[in-house]
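A.B. asks: Sequence:
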Amino acid sequence: MKGKCLCISLDEAGSLNAWLWALAWAENGHQVTLLEAVDDIRGLLENPGLAQYQILALHAHRALPAAQQSALASLQQQFGEQCVLSNVLQQLQS
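Under full-length UniProt numbering, the first residue of the sequence shown carries the number 1, and numbering increases by one thereafter.
No lab work stands behind these hints: they were computed from the structure. Owing to the predicted nature of the structure, the values given are computational and were not obtained by experimental measurement. Take these hints with a grain of salt, some might be off.
Below, simulated SDA-like cross-link-like pairs (lysine to any residue); rule was C-alpha separation at most 25 Å, straight line [said to hold, decoys possible]: (1) Lys4 x Trp19; (2) Lys2 x Gly29; (3) Lys2 x Asn47; (4) Lys4 x Gly14; (5) Lys2 x Asp39; (6) Lys4 x Leu89; (7) Lys4 x Ile55; (8) Lys4 x Tyr53; (9) Lys4 x Ala66; (10) Lys2 x Asn17; (11) Lys4 x Leu85; (12) Lys2 x Ala26; (13) Lys4 x Asp39; (14) Lys4 x Ser15; (15) Lys2 x Ser86; (16) Lys4 x Gln90; (17) Lys4 x Glu46; (18) Lys2 x Leu35; (19) Lys4 x Gln77; (20) Lys4 x Asn17; (21) Lys4 x Pro48; (22) Lys4 x Gln78; (23) Lys4 x Asp40; (24) Lys4 x Val32; (25) Lys4 x Glu27; (26) Lys2 x Leu20.
Let's have the full structure, built from the sequences with the hints guiding it.
C.D. replies: Rendered as C-alpha cells:
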C-alpha cells in the first residue's frame, strides 16, 4: 500500500468521472476515501483530520468560484506535490 488518499469530488453525486478518478488511485495501491458532491472545500483548511492522508486528490469538471480557488491554493500550499488535481481542474486553474 502507498498510503491513504482522500479523493474529493466537486461534481454532482454519482459522477462517473469522479468514481473513475478514485478507482485509479485505488488501482495504484492507495487506500481511498471518496467524498462526493462537495460544495465547499474551505472546511478542509486547517482540518487536523487531513494529517492522516498522504495524498489529497481533487476532481471537478467546472471552474471553481473565487472563494473556492483561494481555498484550493491554500490546500496546494499545505500539501505541496501531494495535492493532485484532475486534468480538467488543472486546466481551469492555469
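A.B. asks: Now tell me, hint by hint, if it's right for this structure.
C.D. replies: For each hint, the structure was consulted:
no.	hint	result
1	Lys4 x Trp19	16 Å, holds
2	Lys2 x Gly29	5 Å, holds
3	Lys2 x Asn47	22 Å, holds
4	Lys4 x Gly14	22 Å, holds
5	Lys2 x Asp39	28 Å, violated
6	Lys4 x Leu89	21 Å, holds
7	Lys4 x Ile55	7 Å, holds
8	Lys4 x Tyr53	5 Å, holds
9	Lys4 x Ala66	29 Å, violated
10	Lys2 x Asn17	22 Å, holds
11	Lys4 x Leu85	16 Å, holds
12	Lys2 x Ala26	9 Å, holds
13	Lys4 x Asp39	22 Å, holds
14	Lys4 x Ser15	22 Å, holds
15	Lys2 x Ser86	19 Å, holds
16	Lys4 x Gln90	22 Å, holds
17	Lys4 x Glu46	18 Å, holds
18	Lys2 x Leu35	19 Å, holds
19	Lys4 x Gln77	19 Å, holds
20	Lys4 x Asn17	20 Å, holds
21	Lys4 x Pro48	15 Å, holds
22	Lys4 x Gln78	16 Å, holds
23	Lys4 x Asp40	22 Å, holds
24	Lys4 x Val32	6 Å, holds
25	Lys4 x Glu27	13 Å, holds
26	Lys2 x Leu20	18 Å, holds
Against the hints set out earlier in the document, violations occur for numbers 5, 9.
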